[in-house]
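Chains as they are written, first to last, in our numbering: chain L, 1 to 514; chain V, 1 to 514.
There's no promise every hint is true.
As the list claims (entries may be wrong) - Derived CB-CB ranges, DEER-like:
{"no.": "1", "chain 1": "L", "residue 1": "125", "chain 2": "V", "residue 2": "179", "range": "39 to 47 Å"}
{"no.": "2", "chain 1": "L", "residue 1": "481", "chain 2": "V", "residue 2": "111", "range": "42 to 50 Å"}
{"no.": "3", "chain 1": "L", "residue 1": "311", "chain 2": "V", "residue 2": "34", "range": "39 to 47 Å"}
{"no.": "4", "chain 1": "V", "residue 1": "60", "chain 2": "L", "residue 2": "50", "range": "45 to 53 Å"}
{"no.": "5", "chain 1": "V", "residue 1": "60", "chain 2": "L", "residue 2": "56", "range": "43 to 51 Å"}
Claimed, not checked - Stretch-level coverage of chain V by chain L, calculated; a stretch enters the list once three of its residues show a Cβ under 8 Å from a Cβ in chain L:
{"no.": "6", "stretch": "113-126"}
{"no.": "7", "stretch": "144-155"}
{"no.": "8", "stretch": "249-263"}
{"no.": "9", "stretch": "273-282"}
What the hints contain is simulated information worked out from the structure, not anything from laboratory work.
C-beta atoms are modelled at their ideal positions from N, C-alpha and C, and glycine is treated no differently.
Number of protein chains: 2
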Amino acid sequence: MAEQQQHHSIIKTLRHPDLLAQAEALRPALHRQPVSPVALVDGRGQVIGQPADLARREFGPGEEVILDFGTHCVGRLSLRAVAVGSPPDAPAHLHFTFGEIIDEVVESLADYDGWLSTSWFQQQDLYLDVLPAEIALPRRYCCRYVKIRVVATSRKYRLRLESPCLTTETSADGREVATPAIADPLLRQIDAVSVLTLKNCMQEVFEDGPKRDRRLWLGDLRLQARVNYATFANQALVRRCLMLFAGVTREDGMVAANVFIQPEVIADDTYLFDYSLFFVATLADYVAATDDEETLQALWPTAWRQVELALARLDSRGIVQDSDSWWSFIDWHEQLNKQAASQGVLIYALERAHTLAGRIAPARQAELAATLARLRAATLAHLWDEAQGFFTSGAARQVSSASQVWLLLAEVGDAAFRRRLLTQLRERPPAIGMRTPYMVHHYVEALLQHGERQAAVAEIKGYWGEMVARGADTFWELFDPANPDYSPYGSRLINSYCHAWSCTPAWLIRTFQL
Amino acid sequence: MAEQQQHHSIIKTLRHPDLLAQAEALRPALHRQPVSPVALVDGRGQVIGQPADLARREFGPGEEVILDFGTHCVGRLSLRAVAVGSPPDAPAHLHFTFGEIIDEVVESLADYDGWLSTSWFQQQDLYLDVLPAEIALPRRYCCRYVKIRVVATSRKYRLRLESPCLTTETSADGREVATPAIADPLLRQIDAVSVLTLKNCMQEVFEDGPKRDRRLWLGDLRLQARVNYATFANQALVRRCLMLFAGVTREDGMVAANVFIQPEVIADDTYLFDYSLFFVATLADYVAATDDEETLQALWPTAWRQVELALARLDSRGIVQDSDSWWSFIDWHEQLNKQAASQGVLIYALERAHTLAGRIAPARQAELAATLARLRAATLAHLWDEAQGFFTSGAARQVSSASQVWLLLAEVGDAAFRRRLLTQLRERPPAIGMRTPYMVHHYVEALLQHGERQAAVAEIKGYWGEMVARGADTFWELFDPANPDYSPYGSRLINSYCHAWSCTPAWLIRTFQL
């Protein structure tokens with residue numbers, strides 16, 4: 001995710017050194033693995049040569065090659081450049097372009113006019129003063145494809161490029177992955193792509209996307225952590241990430257939507273209603289997966305503070321107050337009103353707080369149960385539109401998929417009511433639909449929560465399976481089958497093609513044994 | 001100098017490990033000095049701000065600044081980049097352009113279409129993943145001006161650029177420079193610019209130009225060494241450079257026109273008649289300056305071999321055989337025929353060999369004296385054109401300034417003859433004139449050798465003084481007052497503006513006490 005609208009000149013934050021020290025102690029080791037290209041490819045990704053052919057080519061100015069590393073990788077590139085001909089009498093100038101998808105290394109980036117920074121385009125110019133040169137590029141890149149263009153040599157020599165190698169990095173230990181028996185071949189394939197997606201996002205924190213934003217976001221963390229429990233089981237990394245969020249909060253105790261970890265841990269100045277509540281949900285999932293009482297003790301005050309802050313946003317009716325600002329995320333959708341879905345997230349999170357309170361703060365349980373009942377009743381009373389058969393959101397009483405999905409996950413209304421709503425949602429999908437794998441995940445989860453296994457499998461196959469059919473090595477941040485060029489940022493080239501919030505099928509498939 | 005035409009697929013060379021080991025033992029330490037900018041300037045180099053203003057500016061995408069370091073520097077750039085605003089949520093992308101002259105950082109390099117490599121343009125892109133960042137650029141640059149362009153940040157932050165510093169590098173020890181009393185203020189200024197030019201070319205070897213080619217050429221070395229004796233007196237560096245040339249020769253013993261020292265010492269595959277003879281002249285100057293018998297012993301065989309190889313090029317008349325290939329350098333001039341000037345260089349070098357033989361190989365002296373007499377007579381008999389009053393060169397009997405200058409330095413003809421020729425040369429300059437400071441130097445040396453002090457001073461002031469008037473901090477590789485855009489490479493932007501062969505006024509002024 002990339003935040004769009006929140007700009008705050010000064011937000012005071014509180015640092016909690018004990019939590020930050022625990023987070024630091026949990027910094028994971030990175031596992032490194034050298035990967036060689038599997039082919040030389042053309043601008044459509046079609047194989048035009050074998051890796052061994054590379055060392056036989058001699059590159060003059062303007063000549064280029066595209067290496068295909070076979071699948072999505074996160075790592076550091078090294079290679080050797082050797083002069084051929086007369087002694088190299090001028091520096092060699094090389095330009096590297098990295099692509100998660102082939103289009104990134106082929107299409108012109110100069111035409112980009114979006115609102116995200118062009119600095120996300122993965123490029124590097126290198127000038128080699130001495131040849132032969134052992135090249136080790138200075139940054140971590142995220143790619144399947146690497147285009148190397150020899151911009152300049154001199155008239156007296158050409159360049160050979162030898163032994164390109166990506167040394168991949170991840171904190172996921174592949175030896176520990178559970179590999180369940182999945183009967184359906186497409187689901188098996190989707191599961192594998194999900195696992196690789198998670199693996200490549202697992203670095204010193206759970207990153208949202210290793211290309212972009214390379215950052216720990218709470219909305220992504222919650223989903224990654226769940227997939228992690230079902231796969232790599234790196235529980236310490238989840239603990240570390242929760243400590244990081246709790247370690248730097250806003251002055252009033254609110255956790256940020258994301259944190260930066262370099263050069264030191266700081267909270268971003270983006271605060272989102274739904275994301276802060278996901279701190280509670282992520283902690284509840286963690287405790288359920290680990291029984292780690294010590295961490296619960298350390299983080300319950302932070303979790304409880306999110307509940308208090310969220311409840312303060314309720315109006316007198318018991319409905320979350322809406323706003324024109326970018327106050328809650330829910331989905332990438334410019335027209336989407338966030339009120340009803342945020343009401344759903346609140347109830348969903350309060351349910352998890354209620355469970356946690358049972359272990360650590362029994363006195364809060366009755367209070368939470370009462371609040372839950374009041375909020376569910378208020379939601380039905382004020383947001384439900386019987387004539388339309390949908391929940392509405394905001395002053396304009398907007399009907400969206402997101403509102404229905406989150407109020408389903410929040411279990412508002414009885415089981416029969418919710419099943420009717422699910423049917424209605426499938427048969428008459430609202431005009432304001434779902435834009436991201438993140439939102440589609442919650443829809444599928446709602447289907448499974450209400451026993452709709454077939455529909456859930458169809459949705460997973462239709463959506464994530466379609467990405468696989470289109471060649472995805474890892475799952476994409478954004479995918480709208482009806483509009484493959486969709487990007488909220490101004491160009492699909494700046495979209496992330498390995499994105500944490502898209503890796504959930506492995507959890508869905510494994511948890512619900514699909 | 002940059003070679004243009006020699007391409008050899010395989011030239012066998014001989015390595016002389018003892019000489020190379022001596023050269024390696026003489027590798028100089030580099031003196032480093034931090035230099036801060038003196039001003040912020042506009043695209044014409046006019047001051048628009050003070051260095052302290054820099055830290056008060058905040059740069060957004062597309063914004064740039066030009067730093068003026070006050071004079072020509074060779075060194076490594078460091079600075080600090082600090083984010084201002086929200087936490088930096090995207091990498092910062094900076095572009096650096098370095099210019100010895102202001103035009104290099106202002107004019108578009110994309111339009112360049114010359115035959116030298118674009119890799120000589122001094123540029124660097126940097127991507128900063130973590131801010132604040134202590135930046136240390138990876139290469140040595142050559143500049144007075146540095147343009148820093150902030151290509152991209154994000155919408156949430158801007159950049160402050162703090163503490164730019166060039167850590168200059170040279171093997172010249174400024175504390176050892178002799179500073180003679182020079183009465184004439186313009187000559188004093190020219191001397192100072194010459195000394196800085198030499199200083200900035202003195203690195204691990206005497207480089208021809210620290211921007212381009214950054215390499216040890218024999219034609220440049222001979223002149224640098226002379227200026228060095230009159231200034232920094234770093235005799236060990238001259239010795240090292242002579243050892244390098246003698247350390248790797250062509251199979252037949254010819255020294256290369258230039259050598260590379262990284263990653264190991266190799267001879268370039270360019271061999272030039274005049275440059276190989278300058279090995280003899282440079283050794284003779286070195287011995288005269290140092291009385292270093294040991295080095296003479298070690299290098300005399302190499303020097304003598306150059307004499308033998310050059311004499312083998314004589315035709316039956318005793319005239320150097322001409323060729324259409326790029327066999328001798330003399331000057332950058334496409335129309336220039338090199339025969340007569342090369343004949344002059346040969347005689348000039350044989351005179352120095354004769355002197356050296358007096359110390360180390362007395363048996364050779366008589367042989368050399370006889371050869372010198374034969375060559376001078378042959379030159380007068382076959383190249384002198386009495387009707388025109390000039391020496392001619394080549395089958396087309398071309399009249400050029402270079403031919404006259406080199407045959408004057410070779411002292412062909414008696415003193416009265418040579419004075420008439422000098423007068424003729426000044427009053428009726430040939431259409432094929434002089435293009436480089438390198439050639440103009442030899443003309444001025446010829447004037448001084450024949451007692452024409454006033455004319456020599458006028459020439460120095462008119463030529464090097466005009467560079468000073470046009471703002472030169474160091475002397476340029478190429479300067480044609482009638483055609484300021486002159487470049488043999490396709491663009492004056494790729495010319496070197498600190499060039500060894502242009503630093504000779506300090507030697508002329510000091511040696512002849514002008």
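For each hint, the structure was consulted:
{"no.": "1", "hint": "L:125 - V:179: 39 to 47 Å", "result": "holds (43 Å)"}
{"no.": "2", "hint": "L:481 - V:111: 42 to 50 Å", "result": "holds (45 Å)"}
{"no.": "3", "hint": "L:311 - V:34: 39 to 47 Å", "result": "violated (58 Å)"}
{"no.": "4", "hint": "V:60 - L:50: 45 to 53 Å", "result": "holds (46 Å)"}
{"no.": "5", "hint": "V:60 - L:56: 43 to 51 Å", "result": "holds (47 Å)"}
{"no.": "6", "hint": "113-126", "result": "holds (count 9)"}
{"no.": "7", "hint": "144-155", "result": "holds (count 5)"}
{"no.": "8", "hint": "249-263", "result": "holds (count 3)"}
{"no.": "9", "hint": "273-282", "result": "violated (count 0)"}
Against the hints set out earlier in the document, violations occur for numbers 3 and 9.
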